Structure formats: C-alpha cells, structure tokens
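Asker: Let chain P serve as the given structure and place chain F on it in line with the hints.
There are 2 protein chains.
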Amino acid sequence: MRIVQKYGGTSVGSVERIRKTAKIIQGELERGNQVAVVVSAMSGETNRLLALANEISESPTSRELDALVATGEQVSAALLAMELQNLGIKAYSFNGAQAGMKTDGRFVRARITDVKSDHLIEHLERFEVPVVTGFQGVDELGNITTLGRGGSDTSAVALAIAVKADVCDIYTDVDGIYTTDPRIVPKAQKMDQISFEEMLEFASLGAKVLQTRSVELAMRYNMPIHLRSSFDLVPGTMVTIEDEKMERATISGVAYNRDEAKITIMEIPDHPGIASNVFGPVAEAGINVDVIVQNVSEEGHTDITFTVPRSDYAPTMKIMAGLTEELGASNFKGDDTVAKVSVIGVGMRSHAGVAQKMFQVLATEGVNIQMITTSEIKITVVIEEKYVELAVRALHAAFGLDKESNTI
Amino acid sequence: MRIVQKYGGTSVGSVERIRKTAKIIQGELERGNQVAVVVSAMSGETNRLLALANEISESPTSRELDALVATGEQVSAALLAMELQNLGIKAYSFNGAQAGMKTDGRFVRARITDVKSDHLIEHLERFEVPVVTGFQGVDELGNITTLGRGGSDTSAVALAIAVKADVCDIYTDVDGIYTTDPRIVPKAQKMDQISFEEMLEFASLGAKVLQTRSVELAMRYNMPIHLRSSFDLVPGTMVTIEDEKMERATISGVAYNRDEAKITIMEIPDHPGIASNVFGPVAEAGINVDVIVQNVSEEGHTDITFTVPRSDYAPTMKIMAGLTEELGASNFKGDDTVAKVSVIGVGMRSHAGVAQKMFQVLATEGVNIQMITTSEIKITVVIEEKYVELAVRALHAAFGLDKESNTI
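Sequence lines, in order, name chains P and F. Note that full-length UniProt numbering numbers the first sequence so that position 353 is 353, with each residue one more than the last. Note that full-length UniProt numbering numbers the second sequence so that position 123 is 123, with each residue one more than the last.
In isolation and in its complexed conformation, chain P is listed as follows (with noise of 0.2 Å):
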C-alpha cells in the first residue's frame, strides 16, 4: 500500500511527540508500505508567529503573514525528518514550494490548484519517506501561500491523490467520528465507516476534526481518508464512497451546533429582489447566513428568518436596524440563545419518513422547533439552546444509535 500520512500540531507538538510519531511511520514502513507524511506546525508556534507579526503591526500583509507563518511547517518537518533518520529510514523535509504543491494566489486563503509531486514518487518508490510541510504551497509568482486554519488535511488529500496514494491517514487527538458528542450521549459510538458525503455534513456542522475542503477533495478523486488517533493505533473511522453497508441504518449520527443566532426582520412588504436586499448588505459585511426561513405571503408583507453565526450576531443586528426601514419592513427581532441541531445519513434516501420521527420525538420532549431545513442526507433544526442536550439524547436513542441497542 502507499500512504499518505497527516499529523497534526499535537503529533509533532514536542521532541518526546515527534519520536512517537516517527515510530508509528516506522511500523508503517516496516508492514511494507510506502509512506509520505505531511506536518502541520509545532503546536503553538503558528500562534507564536502571528503574536510577533501583531507585535510589528496591526494589519501586516498577508503576503508577509504567510512567509512568516510557513516557516512553522518547515520546522517541523526538517525535525521529523532527522528523527526518523536516527531510526535508519531515509527521509526527507520538503517545503510547500519544494513538494510542488501550486496555489492560487490568494494569500492566507489560497487554493490548491495542482501538485508537481513526481520527485516524491521517486522517493516512495525506493521506501524512502518524504516529509512535506501542510498548509502551504506557492503561487505562479513563487510567493509563499497558505490554505488557512486547517488546510494541512487538505495538503494531505491533494498530495494523496498527487502520489496515487490508496489511502489518507489523517492521525489527531481524536480516534474517530461518533454518532455524537460523547460528552452529551455517553453511548455513543465510533463510526467504522462513513460516506464522503456524511463527512462533509458532519464537518459543515461544527465537527472540527477535517477540514470541509479536504473532505471535498477527497469526494471529488475517491480518495479514502482513514481519520485515527496518533495516541492509540487503533483503526479510527474511514471516510470513503457510500456503500451497501451503509445502507442498513437509517440515520449514521446526530450533530448540533450551539455557535448560531437567529434574526427575524418582519413585514417586510414582498416583492422580487427582497431576499437579496436583506443578504447583500449581510454577506457585504462578510458575515455567513446560514440557514433561512421566509413566510408564505401575507397581504403582501412576509417575515424573513435566518441564522448566523454568534460571534457576527451583534453586526448583523446593526445591519438589520439600518435596513429595516430602509425596506419598509415593521420590526426585526434577534435572538443568540439558539441552536442547531441535525440527523444524519445517507439511509435517509431510502428510509421515508426520518423528518417526521424527529419531529415527533422533539414534540414528545416538550422542545419546540423554531425553523426547519433538509437536505438529501441531513434534517436540522434549529432550537432553543437550553434544549440541546436534551434533543440529542433523545434523538441519539429513537434512532437506534445507543451503543447498546446497536448489540442487541
């Protein structure tokens, strides 16, 4: 097998973390494999960097931001390099320009448009191990970019379809996706297996362990993506192509999400160009709207709900007073003590009637639902926050996913 390997921060967060990590590559290779491995930053030194860059300036350019910032990776993969060198394996450190991972142009949020990575085949090929520095890579011009917070899963995938890898290893501090937050349902499970698609719900709803983009990446080529702990090497969850098997439950977990708030702006009177008159001054401000509910038409005024995230509820407040009588509408009204809460599957394509169950469990539980949005594999509601724990243990166990009645 050829692997690609990511380690994050943690993984190569100390000398003692970076003798374990190059052990776990030792195994790897000692199996047979081939593997390459991409590193994020020391754990700490990104913060580091910028705290100096914020020392000399308040908005330091972000063509600068990225050079200082991409020495953290460098770092780390010269000092993984000479550590798996004292256990006799032939590796070497690779910089974004020298893996030849191209980007975009965009700075601090560049994309990676394509990855010049032969000379690593050659490596892999003599069992050689490169090690190539996440997050970053270089422009047309050969100005140093990085991919933002998270984006070394992303280097991961696009350099495990580069290599022709048959699988990506994402190791982190987690040893798999669950059902739900073990912290809320202590009966949750991990997930052996979940489809690209879940993955991706999972990840758009506040599940911080893949970067969405890499998850996309890897939909888009089919490239498995083993998501595992680098503390216990025990299979973690893989992310690949739906299958069968997966067929057989009907929702795979339960998500929430406590980061939203909820504006009302009402009475608006209803013509065409209304929805982009609230929302273009709201995304102008660079601020997401997530989901959005509009009322059926009432003597020609509507109301129109949606969420945002909470740290943007008090601009988009502002936002709205301006607008309101701007726009003619009566009021507008917030509220940040809401929250997300989601199913979701891919058995819900042929599974009928999964929204009603949940909103029959929810109604049993006395919570009230305040708006409502699907998609092909996910039904989320939003709620009252206090209500969140509540919902998802409830939700948890009417789904079946309690890990004791899954062994019944």
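Mixed in with the good hints there might be a few duds.
Copies of the same chain are indistinguishable here, so a pair counts whether it falls within one copy or spans any two.
BS3-like, lysine-lysine: derived pairs with alpha carbons at most 30 Å apart [said to hold, decoys possible]:
| # | residue 1 | residue 2 |
| --- | --- | --- |
| 1 | 164 | 403 |
| 2 | 90 | 20 |
| 3 | 318 | 403 |
| 4 | 90 | 386 |
| 5 | 187 | 333 |
| 6 | 357 | 116 |
| 7 | 23 | 90 |
| 8 | 164 | 208 |
Just so you know, these hints were derived from the structure itself, not from any lab. Computed from a prediction, not measured in an experiment: that's the story for all the values here.
Answerer: Structure of chain F alone, referenced to chain P:
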C-alpha cells in the same frame, strides 16, 4: 545610488530593533536611493533551532539542519517587510530560493554559485524594498542550503554584485574597523577606509566583523563594503580597492589573536615528504594549521614548529604523540599560552624596513619572538600570550597610529 544593506541578528533581534532598522531604510529611500536589504535571523533564533535539532539527534543530517535553520531568516525578513509596510514603503520578503540565491550542494557550508535576481532589480527600480534572507540559498536540485556562520555578509555582497549596487552597507554593532583593539589601546582610531587586501588580513586574524568570504567576493568584483553601526548612523569604515590615499601610512593597524597554541616536533629525519607526513594526519582530523616554521636541517634532522587554534591543541598533541615514534623524531612539545600579533598595511609594499622596525620595537620591550611569518602586506609574530597588550600598545604607538600622533 543603489544600495544593498545587510543587518545582523541584533538589528532584527526584537520588534523594537526591527522598527529602528526600518527607520534607517526609510531614511535611505528618502535620500532618493534604491535599497535592497539582506537580513540575518533574529539574534538567538539560530541557536534555538539548533538546540531543537540537537534534542532530536546528536548528529542530524546537514540537509535537514539547513532546512531547519533557514526558517530563522525567513521569519526576520517577513517581520521587517511588515514594518516597512507600516511606514508606507512597498516591501517584499524573499527567501533564498525566491531571491534566486543559487549555491552548490554542500549543506551547512554551501557557496553561492549564481544569483538570479532580475526580478529584484524591477522592485528596486520602482523604489520598492526587497528584503532577502541572508545565509541561505538553494542548490540545483532545489534543496535548501546554508552558507555557514556569518554567511549573511556573503549573501549581501553577492546580491549587491547581482543587482549592480553602488555599495554594500553592512550594518553591525560596531561602527567600523579600528587600527587595533580599543580595549587594549584607547588611542586606537576608526579607519575611514581600508583596502580589501588589508580587510582580508584583519578578518583572517580574528577581527570578527566581516566574514572572510564576503571580503574575497567583494574584492573580486570590486564591490565597496561600508561597514557601519546600526546604533549610530555616522560613517563607518569603507572597504574598497587600494587607492593612492592609502599609501601615506606605513601600516594600517595592529591585530592580535590569543586563540593560538604552538607545537614542535623535534629532530625528525629530514627527507622529502616529511611535512606531509606530519601535517597529513592533522588535516585529516579537520584541524587547521596556521603558522609553520621548519628549521634548517642539521645532520639530517630538522625541527618543525606550527600553530593551531587553541581548541585543537589537545587533539593535535595526541596526534603528535602517535607520530613521533612513527616518524623517528626524538620528541615533541607544546605550548598553549602563545598568541599572534600582526602589523598590517598595504603601505608596507612601498616602505622598507617595516619588519626590522617591528622586531626592534618588540626587542626594546623585552618581548621574545618565537615564530615569524610574513605576507606582502602583513608581518605576524608568535609571542608569549602575557606580552600581547604590551606588544600591541608598543607597535600601535611606534607606527604612528595613536590618535594624538595623527592629529599633529
């Protein structure tokens, strides 16, 4: 004027120092000059990185060492570029690869082979400031290389030559080259000007202000170096080609070096190849032999005396212990309390009797000369270390270098 400025680690050692350095650059731009900058790593940073490497491995590979420590300059270059931008100056950082600093593939001690910096000239012509990492480059395979300690001086001179600068300003924490060490001779004077040849002698005698290779390179391409202080913006010492003005003084300065040890191997059978039999094993141990004196052969035997850096005294003595019997010598002895004192000056070429005057001055002071070696512009004697201050003061005065004697 087009100027390449080089700033050492202390000049970029803190946010405060970076701000001061940016101000100096701004001043130069305001005088209508074009400025490119070469920076070292923040002081302490290279050692911090080396300590990390040594924690990982007792003997890390030099390829990875270079990849590791090269990040130091990338950090300081990015931070200085940010600060220049704060001042409204268009500035861009470039690492070794980006600046086109091509080197051979000898990691840790690479030599610059070419500088492909046409893109930097475009910036200069627009009065924008390229901030280039010193000390590093890339070999033809794209591997990151470093030039060895002090290599940033060489980077700066090479860049100055490549962009056809008028002068290479080396900013440091001293304000120039002195006729001798002011700690020994308070009447020592700063030299306004010194020839490349003289600077080379000063550098090789332990004046640590300029890396020898940078002076050699500047001499070859006739690139004037202005050695000056970043703390006090007065003119420093200009290192240039020899001119008529320099002819007036017989000697330019008095140098000394305490880092010396002397070893004698006695009554070796004198036959062709004896020197290589003695010095071959020393060179193989990586020890640099400096002054060598071989006595006139008497009855088929000769004595060979030579000096080595004091830190190499013990290993050299060990080698001699092994060689003495092997070569049929009668004995060997060593002395690690010797020092070198030199008088240097292009004026020697046109002034006879400098050596004789030097020996006379030392004799008058009761200083016994143990070894003598000369070049066209330098006379060096090895003496007992305890006489160093006495010898330096006497020679400085005798050759008319004391401040008063010159102002008469």
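Asker: Are the hints correct? Go through all of them and say.
Answerer: Taking the hints in turn, this is what the structure says about them:
Neither within a single protomer nor between protomers do residue 164 and residue 403 lie at most 30 Å apart by alpha-carbon distance, with minima of 37 Å and 74 Å respectively. For the homomeric pair residue 90 and residue 20, the shortest alpha-carbon distance inside one copy (17 Å) is at most 30 Å, but the shortest distance between copies (45 Å) is not. Neither within a single protomer nor between protomers do residue 318 and residue 403 lie at most 30 Å apart by alpha-carbon distance, with minima of 46 Å and 73 Å respectively. Proximity of residue 90 and residue 386 under a CA criterion of 30 Å is satisfied in neither setting, with 55 Å inside one chain copy and 52 Å between copies.
Taking CA atoms no more than 30 Å apart as the test, residue 187 paired with residue 333 passes in neither setting, with 38 Å inside one copy and 81 Å between copies. Neither within a single protomer nor between protomers do residue 357 and residue 116 lie at most 30 Å apart by alpha-carbon distance, with minima of 50 Å and 68 Å respectively. Within a single copy, residue 23 and residue 90 get their C-alpha atoms as close as 14 Å, which meets the 30 Å cut-off; across copies the closest is 46 Å, which misses it. Taking identical chains as interchangeable, the C-alpha atoms of residue 164 and residue 208 lie at most 30 Å apart only when both belong to the same chain, with a minimum of 26 Å there against 52 Å between chains.
Hint compliance for this structure: hints 1, 3, 4, 5, 6 are broken, all remaining hints hold.
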